[in-house]
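Need the complex rebuilt from these two chains, each delivered in its own frame; the hints are there to steer you.
Going down the list, the protein sequences come from chains A and B. End of the first sequence sits at 609 in my numbering; the numbers just go up one at a time, nothing left out. End of the second sequence sits at 256 in my numbering; the numbers just go up one at a time, nothing left out.
If you're looking for bench data, these hints aren't it; they were derived computationally from the structure. Do not rely on the hints blindly, as some may be mistaken.
Claimed, not checked - Far from chain A by the CB rule (all over 12 angstroms, computed), these chain B residues:
| # | residue |
| --- | --- |
| 1 | E17 |
| 2 | L18 |
| 3 | Q37 |
| 4 | K56 |
| 5 | G66 |
| 6 | E142 |
| 7 | N183 |
| 8 | L185 |
| 9 | N198 |
| 10 | D215 |
| 11 | K222 |
| 12 | D227 |
| 13 | P232 |
Unchecked claim - Partner residues are not named here, just some residues of chain A that face chain B (Cβ under 8 angstroms, in silico):
| # | residue |
| --- | --- |
| 14 | P127 |
| 15 | R142 |
| 16 | Y352 |
| 17 | K357 |
| 18 | L361 |
| 19 | T364 |
| 20 | G519 |
Said to hold, decoys possible - Using 25 angstroms as the maximum straight-line C-alpha spacing, the simulated DSS-like pairs for lysine-lysine come out as follows:
| # | chain 1 | residue 1 | chain 2 | residue 2 |
| --- | --- | --- | --- | --- |
| 21 | B | K111 | B | K189 |
| 22 | A | K280 | A | K318 |
| 23 | A | K357 | B | K201 |
| 24 | B | K83 | B | K19 |
| 25 | B | K111 | B | K7 |
| 26 | B | K104 | B | K159 |
| 27 | A | K318 | A | K263 |
| 28 | A | K357 | A | K263 |
| 29 | A | K150 | B | K189 |
| 30 | A | K544 | A | K503 |
| 31 | B | K67 | B | K19 |
| 32 | B | K112 | A | K357 |
| 33 | B | K112 | B | K67 |
| 34 | B | K111 | A | K30 |
| 35 | B | K112 | A | K150 |
| 36 | B | K19 | B | K7 |
| 37 | B | K111 | B | K139 |
| 38 | B | K111 | A | K150 |
| 39 | B | K67 | A | K357 |
| 40 | A | K601 | A | K280 |
Small disclaimer: the values here were computed from a predicted structure and weren't measured. We put the CB at the ideal spot given by N, CA and C, even for glycine.
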Amino acid sequence: MESYTVHDYDVLVIGAGGAGLRAAIAAIEKGARVGVVTKSLLGKAHTVMAEGGMAAAMGNVRPEDNWKVHFRDTLKGGGMLNNWKMVENYTKEAPDRVRELEQWGAVFDRTPDGKINQRNFGGHSYPRLAHVGDRTGLELIRTLQDHAVKMGIHAHMETTIYRLLTDAGRVVGALGFNRQTGEFLVFRAKAVVLATGGLGRIYQITSNSWECTGDGFSLASMVGADLIDMEFIQFHPTGMVWPPSVMGILVTEGVRGEGGVLKNSEGKRFMFDNVPERYKGEFAETEEEAERWLQGDRSARRPPELLTRDVVARAIRKEVNEGRGSPHGGAYLDIASRRPADYIKKKLPSMYHQFMKLGNLDITKEPMEVGPTCHYVMGGVRVDPDTQATNVPGLYAAGEVAGGLHGANRLGGNSLSDLVVFGRRAGMAAAEYAAQQTGSLQVDEAQVRAYIAEALQPFNNPQGENPFALMKELRATMQKNAGIMREEGELKAQLEILANLKKRAWNTSVSGSRAYNPGWHTALDMRLMVEISEAVVLAALARKESRGGHARLDYPDPDPTFAKLNHIIRRNSDGTLSVVAEPLPEMPEEMRKVAEAKDLKELSEKVGA
Amino acid sequence: MSTVTFKVFRGDRSGGELKDYTVEVQEGMVVLDAIHQIQAEQAPDLACRWNCKAGKCGSCGAEVNGKPTLMCMTRLDTIDTSKPVTVRPMKTFPVIRDLATDVKWNYEANKKIKPFTPAPNTDWIMYQEDVDRVQEFRKCIECFLCQNVCHVLREHDEKTGFIGPRLLVRTASLEMHPLDVENRLDMLKNEGGIGYCNITKCCTEVCPEHIHITDNAIIPLKERVVDEYYDPVLGFFRRLFGSKKRAEPSGQAADD
Chain A
1 MESYTVHDYD
11 VLVIGAGGAG
21 LRAAIAAIEK
31 GARVGVVTKS
41 LLGKAHTVMA
51 EGGMAAAMGN
61 VRPEDNWKVH
71 FRDTLKGGGM
81 LNNWKMVENY
91 TKEAPDRVRE
101 LEQWGAVFDR
111 TPDGKINQRN
121 FGGHSYPRLA
131 HVGDRTGLEL
141 IRTLQDHAVK
151 MGIHAHMETT
161 IYRLLTDAGR
171 VVGALGFNRQ
181 TGEFLVFRAK
191 AVVLATGGLG
201 RIYQITSNSW
211 ECTGDGFSLA
221 SMVGADLIDM
231 EFIQFHPTGM
241 VWPPSVMGIL
251 VTEGVRGEGG
261 VLKNSEGKRF
271 MFDNVPERYK
281 GEFAETEEEA
291 ERWLQGDRSA
301 RRPPELLTRD
311 VVARAIRKEV
321 NEGRGSPHGG
331 AYLDIASRRP
341 ADYIKKKLPS
351 MYHQFMKLGN
361 LDITKEPMEV
371 GPTCHYVMGG
381 VRVDPDTQAT
391 NVPGLYAAGE
401 VAGGLHGANR
411 LGGNSLSDLV
421 VFGRRAGMAA
431 AEYAAQQTGS
441 LQVDEAQVRA
451 YIAEALQPFN
461 NPQGENPFAL
471 MKELRATMQK
481 NAGIMREEGE
491 LKAQLEILAN
501 LKKRAWNTSV
511 SGSRAYNPGW
521 HTALDMRLMV
531 EISEAVVLAA
541 LARKESRGGH
551 ARLDYPDPDP
561 TFAKLNHIIR
571 RNSDGTLSVV
581 AEPLPEMPEE
591 MRKVAEAKDL
601 KELSEKVGA
Chain B
1 MSTVTFKVFR
11 GDRSGGELKD
21 YTVEVQEGMV
31 VLDAIHQIQA
41 EQAPDLACRW
51 NCKAGKCGSC
61 GAEVNGKPTL
71 MCMTRLDTID
81 TSKPVTVRPM
91 KTFPVIRDLA
101 TDVKWNYEAN
111 KKIKPFTPAP
121 NTDWIMYQED
131 VDRVQEFRKC
141 IECFLCQNVC
151 HVLREHDEKT
161 GFIGPRLLVR
171 TASLEMHPLD
181 VENRLDMLKN
191 EGGIGYCNIT
201 KCCTEVCPEH
211 IHITDNAIIP
221 LKERVVDEYY
231 DPVLGFFRRL
241 FGSKKRAEPS
251 GQAADD
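Excised from the complex, chain B in its bound form (with noise of 0.2 angstroms):
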């Protein structure tokens, strides 16, 4: 068995500095394992957020030696704990208390998308290959890190005019789904920024659920408001037809 040093942020919203921890690594650890270790030994008010400690729940985003990741998935033995071992609240969120941070502008800035409406009288049949693509999307499970790698959020700090990576995934999962219509366009070029992205990709490097955030949502999201606003022969055929493009079902079409 042997000895890690971890330097834990210890602090609240007025700031902190980091503190060291020697802890005794077993075998299979990871670094959530080292602060609940911390915490039951040697800092019980060390604060920090998780729930199931297995990459489902997405509660224990941090920054661990500077890399933003859950906690939860994070082994000791993929990282280098020859040297002390740093762990940082989540940048882009003000600290409530040591790793814990204020989350709840997620939560706000999420009541800007329109909700699920799906189309009256529908069968409610859809085949699998018509909703793969939006699965990818619900895959996410809001740990927040895309959120706060997104430079947008994190060096800029436009929160009013801007959704971040996260709530554009939610919109994609809305605006691809087969039987939704509603329309989310205008949301995303106002008040939710879209422009804003510059498709560095930071978000998908991040993502625990490997979620393709910029190839498959942002991109396309981006091509639907660019074609709604900017093309004017398509805004001609739009105007004719209305304008949310419906996916046909490419499978044999139900008898019932």
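Extracted from the complex, chain A is given alone in its bound form (with noise of 0.2 angstroms):
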């Protein structure tokens, strides 16, 4: 019989990313006893691709930032759909994450006075995102990681989680192997934390790496969980899309932060005819003022490369369908004819190697050509916005894998420090109900031989089917059917291929040895990632109307009634999902007068932010 090895923690922690690290470090101080695992060896997860900076409302730059016009932003981006609460927690709590980070040692890009630098970015109304040239997802992860290991992390490294495991309807910790054996293990832990990141991979072009296979989404909702507006999928606009090979590789929007401008095939700055109804009269609206913003001018408003990224995205897919795209199918980003050559190498240097290297392109010279990519999900795990405690007691959730905080579309900078504020309320919280529970943990041996046994069927199923094959093709469909536009007949086609996909998602076969097997590893991720490309399409679905990472051709407009409702997507006795409208949590009056404050001057007589 299989045999496993069993690892006991107070709480256990899935995923080794921002969120992943600071919820370790929090519980850690709570004096836990925590176990990380990660899918990479430390400090690779995804985080470490993030590269445009981290938004707090610090003040560094600009004075008059603080919460509330941070708070503002952020619902408004979001199209109201976000949690008020976490929106809350969040604007509050960010600039003491950040300034924690340089105490344990990041060293973040500095204003002249010395103090940690601020960048303009889509969507925010002041330079506000505390950066390290376009690294800040490196300096992130690895102040994290130094931390981690100071505090003396227990680090699982490339361990994959299968299930997780419940006793009485809690969680009570999971089962994983290990990558590089093949080995089964058995976590017992009181309190779980998922931090697994996002589901890019369900998508043919991402800016996502392999781990993004939305597992922490699955893993939830197969026991139970509920989950929140997932058909709030982010589109990046500016991913490389040339050569094919490097399709999808993210484009920091500090390009545009640093004043670079979107051009279609004519030259023509677009952006300006695409400023929708809620942003009117807060954007530049000749390219003369849009040029005084870029020398200092404070009289000036902001270029309308700056809108958020759901508009930017449509708008450079519009310009494309209408013949006005450059020869790769996507816009010109040009920053060469605004910056200096030195000074574009040191605000952007990996974006300087990046183009240089895998698109013989000097930037500093020409134009890039970008393109949406997928790029974060909105939606996720719903939690509590104080403790981010899911509804599956012992469950948390923190990071990209939780829902609420970004509603129909999150700011760019926005994820950064949601990391590190959620992280560590997840960690705290998690512990504090570690530390509540006495008696021993039950584990289900009967249960974990089954998965065990499911787990490994792939090796004993010869006329199986090849699962790159397999993943391939959910790609393919998911691009297809459920991306940046979406109509009902293709949703509907999709939910049949899902279908289809689901039970040969059980039906693949694998060769070689369980030491490093990616054929196998593609195998076991493709049952989870079908599982949410199905969340994702009902929600899609069910939403008929357009707004922020959704957008329906057959409903182009956004609709007041949707305005107001959450979708929750929920699992059924039977296995099978539903999606559940729910009406938004009520706002107190006083956080009303913020969010909807008209204009920042409104804001700042009528709520003193």
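Printed below as a string of structure tokens:
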């Protein structure tokens, strides 16, 4: 019979990106015995790829900035579907979390007076992103990694979780396997924090690494946790489009933050024609005004290239569809004519390097070609805004896998600070919960044995399908039928495709040994990816309007009815999923005043921000 | 579209061999794309480590035609593909399987380095020109290619008394942090084994982040060790005034 080793922890953290490491640190500080599981080596999680910066209203560059302005920006960018309480917690705490990183050794770029510098980004009213050139994610993850090591973190590297384990409706641990050896591991834990990141790999064109297979959403949903707003997928406007092998790799929004402009094949800055009604009056109306803004004139408004990502991505797509795209089906992003070469190399070094090396293009001399790429999911596991607890006792979620903070669209820079604000809250709450649990944990051995047998099944199924081919099919069909623009017919067709893929995901065949076997890993990833793809498509079908990261060709405008609703994706007792519309949590009057202030002047006059 | 033959190492700790695979090449393809194509179509159990495919995570280091490099940043049109292209795992670390090596030694050796220790009651004012140097070191993506080529580790397998270029760079990032007050010179001299480095600059040559490992990190650290332990005059002053040199802020002092 297959053997496995058992590890006991108070808190098990699944994922070692920014949220997972920050949760681990918080739980250790509370005295919990903490284990961290990561599919990669320590320090390689998807957080490492974040580029532009982390948003926090520190006011280092513009003293007028404060949490209320950040609160309004975040809700406005999120189509007002955000959980207001999460946004309040987030915008109030983010500055402390950034300063804390500095105290743990992070070295951010500086202002002339020696403080942490902050840069402009889309949807933020003031320069707000603490950054290190265009490698902010690396700085964040390395700092947390070093600090976690200092605190004595216990990390299981290159380990994948296959299923969460429950006892009497409560999460009591997880079953996983060591990718290097193929050996199974049972983690008994009083509390589990999911910090597994996103699901970008369900799409063909994505900025996400192989790890982002949506594990956490599926694991949580399978044990009865509610998901929220899964229809909202962010397509980042600027991914590389050429050459084919690098399609989708991220081009940081920092390029536009540093003054880069978008042009079509006719040389026109098309974003001036794409300012949505709700942002009218807040952006520059002429190139001349945008130019003055770049030169530092504070009476000038921001250029429309700094609109939110959903708006910019759809504008690029429109230019391409109407025949004004670049040769490889994107738009031109030009920083070369806006800033001196030395400045570009200093502020955007990895973009310079990336295009030089992969695209044979010098961004200090020529414009880049860019187009939308799947980047982030706003929806996720539904959590309590203060503790990050899910509706399943013992299960917590933080970071991209948790939903609610970003509403229908996330502002650039709001992800890195999300990780540390809510990673910390989840770690603290999980440790407190664990401390209240007495008695030994019951792990159902029969359940463990059954899971192990099904995980090993592809080795004993010689006539099954190639898991890589299956994954390719999933990604291509999701891209086509549930991508940046959606409509009912295609979404329904995709549901049928998924029903078929779901069956086939349980009929794959792998060969070779269990040690470091990517075919096997892919076969198991597929089982989780089809589950979460279905949740995305069901939620997308239910939302008959266009808002944020969800755009319907058959319902092109926002609908006031849907403006008041979140979608809850819930697993029924027979294993199927259903979507339930629920009214947004009531926002108190004082917060509503902040969120709905017409402009910054009104915000400052009426609510003292 | 042309085809290229790849000779890829297949095996584990106990040994292995190069196996031939033919790959159809598209414009702009990198070595990692070829490995992924082989995986998807010919050898689904071919092990390789990767994450970002954009030179940011440092996972996919290997030796392509004998040259240590990140597979994701090595375009096929920059190497001679008229002959078969060999892809082997990094030599310095034990093979787990195929192209994936066991690099956990680096994580263990890292624990010898005392963590960041800020000056008490600091105001956290630092000027850009004072952090430029440390930021260069903090660009490191931990691909371990420098560790792989360092002859102390590669040829002499000196993994107990030496921490290697990556960890010397990390030590430099802490020692030269304007607000750090810890002293790591004893570690460098003893279990860090900085004396083993004889400045052949192999590490600097392979660094995908173009960190000046030898000139900016290792040589200044060597000088500090020499000053601390072998210079009688400086040693005398240090005993009087404390051993750590502090960088004075070169900009205007903040008035808060």
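Against the structure, the hints come out as follows:
no.: 1; hint: E17; in the structure: holds, 15 angstroms
no.: 2; hint: L18; in the structure: holds, 17 angstroms
no.: 3; hint: Q37; in the structure: violated, 10 angstroms
no.: 4; hint: K56; in the structure: violated, 5 angstroms
no.: 5; hint: G66; in the structure: holds, 20 angstroms
no.: 6; hint: E142; in the structure: violated, 6 angstroms
no.: 7; hint: N183; in the structure: holds, 16 angstroms
no.: 8; hint: L185; in the structure: holds, 19 angstroms
no.: 9; hint: N198; in the structure: holds, 29 angstroms
no.: 10; hint: D215; in the structure: holds, 19 angstroms
no.: 11; hint: K222; in the structure: holds, 23 angstroms
no.: 12; hint: D227; in the structure: holds, 25 angstroms
no.: 13; hint: P232; in the structure: holds, 34 angstroms
no.: 14; hint: P127; in the structure: violated, 16 angstroms
no.: 15; hint: R142; in the structure: holds, 7 angstroms
no.: 16; hint: Y352; in the structure: violated, 11 angstroms
no.: 17; hint: K357; in the structure: holds, 5 angstroms
no.: 18; hint: L361; in the structure: violated, 11 angstroms
no.: 19; hint: T364; in the structure: violated, 16 angstroms
no.: 20; hint: G519; in the structure: holds, 3 angstroms
no.: 21; hint: K111/B <-> K189/B; in the structure: holds, 16 angstroms
no.: 22; hint: K280/A <-> K318/A; in the structure: holds, 20 angstroms
no.: 23; hint: K357/A <-> K201/B; in the structure: holds, 23 angstroms
no.: 24; hint: K83/B <-> K19/B; in the structure: holds, 15 angstroms
no.: 25; hint: K111/B <-> K7/B; in the structure: violated, 37 angstroms
no.: 26; hint: K104/B <-> K159/B; in the structure: holds, 12 angstroms
no.: 27; hint: K318/A <-> K263/A; in the structure: holds, 12 angstroms
no.: 28; hint: K357/A <-> K263/A; in the structure: holds, 24 angstroms
no.: 29; hint: K150/A <-> K189/B; in the structure: holds, 22 angstroms
no.: 30; hint: K544/A <-> K503/A; in the structure: violated, 29 angstroms
no.: 31; hint: K67/B <-> K19/B; in the structure: holds, 18 angstroms
no.: 32; hint: K112/B <-> K357/A; in the structure: violated, 35 angstroms
no.: 33; hint: K112/B <-> K67/B; in the structure: violated, 30 angstroms
no.: 34; hint: K111/B <-> K30/A; in the structure: holds, 23 angstroms
no.: 35; hint: K112/B <-> K150/A; in the structure: holds, 11 angstroms
no.: 36; hint: K19/B <-> K7/B; in the structure: holds, 5 angstroms
no.: 37; hint: K111/B <-> K139/B; in the structure: holds, 20 angstroms
no.: 38; hint: K111/B <-> K150/A; in the structure: holds, 8 angstroms
no.: 39; hint: K67/B <-> K357/A; in the structure: holds, 17 angstroms
no.: 40; hint: K601/A <-> K280/A; in the structure: holds, 15 angstroms
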